[in-house]
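Work out the full structure: start from the sequences and follow the hints.
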Amino acid sequence: CPSGHFKVGSGPGGCEPCPASSNTLVPGSAYCPCSPRYYRADADPAHAACTRPPSAPRSIVSQLNDTSVTLEWSEPLDRGGRSDLTYRLLCSVC
1 CPSGHFKVGS GPGGCEPCPA SSNTLVPGSA YCPCSPRYYR ADADPAHAAC TRPPSAPRSI
61 VSQLNDTSVT LEWSEPLDRG GRSDLTYRLL CSVC
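Take the sequence shown: its letter number 71 is residue 71 in the UniProt record's numbering, and every next letter is one higher.
Hints listed in this document are in silico derivations from the structure and should not be mistaken for laboratory results.
Watch out, some of these pointers could steer you wrong.
If you anchor each label on the Cβ, the simulated ranges turn out as follows [stated by the list, open to error]:
1) Pro45 x Ser68: 34 to 42 Å
2) Gly9 x Tyr39: 18 to 26 Å
3) Glu16 x Arg82: 18 to 26 Å
4) Arg88 x Thr67: 39 to 47 Å
5) Ser92 x Gly14: 45 to 53 Å
6) Ser55 x Gly13: 36 to 44 Å
7) Gly11 x Arg79: 46 to 54 Å
8) Ala48 x Arg88: 20 to 28 Å
9) Leu25 x Leu71: 40 to 48 Å
10) Thr86 x Pro36: 30 to 38 Å
11) Val61 x Gly11: 15 to 23 Å
12) Tyr39 x Ser62: 26 to 34 Å
13) Val93 x Ala56: 43 to 51 Å
All C-beta atoms, glycine included, are put in the ideal place defined by N, C-alpha and C.
Right, here's the structure in full:
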């Protein structure tokens, strides 16, 4: 494959252009590395487009009482190109 293209595995099938936000200058590449500040999730295949981290959640509101806390927010303005946005909450003093 020429630079800017890749082919997963050997055998039949042609070369494909590098997915969005990735490129390779190495002829014969099996994948295209992501451009700076772009990434693939661990579960993404090598032929998936690279995406960037989303912007921060918006309108964060917390409500605290004696036994619990409730958090609400709006999704980021920029999802970074992903459709599978998830959140992880950590409790430092529980």
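Okay, the hints, checked on the actual structure:
| no. | hint | result |
| --- | --- | --- |
| 1 | Pro45 x Ser68: 34 to 42 Å | holds (40 Å) |
| 2 | Gly9 x Tyr39: 18 to 26 Å | holds (23 Å) |
| 3 | Glu16 x Arg82: 18 to 26 Å | holds (21 Å) |
| 4 | Arg88 x Thr67: 39 to 47 Å | violated (22 Å) |
| 5 | Ser92 x Gly14: 45 to 53 Å | holds (52 Å) |
| 6 | Ser55 x Gly13: 36 to 44 Å | holds (38 Å) |
| 7 | Gly11 x Arg79: 46 to 54 Å | violated (36 Å) |
| 8 | Ala48 x Arg88: 20 to 28 Å | holds (21 Å) |
| 9 | Leu25 x Leu71: 40 to 48 Å | holds (45 Å) |
| 10 | Thr86 x Pro36: 30 to 38 Å | violated (24 Å) |
| 11 | Val61 x Gly11: 15 to 23 Å | violated (54 Å) |
| 12 | Tyr39 x Ser62: 26 to 34 Å | holds (29 Å) |
| 13 | Val93 x Ala56: 43 to 51 Å | violated (22 Å) |
Comparing the model with each earlier hint shows violations of hints 4, 7, 10, 11 and 13; every other hint is respected.
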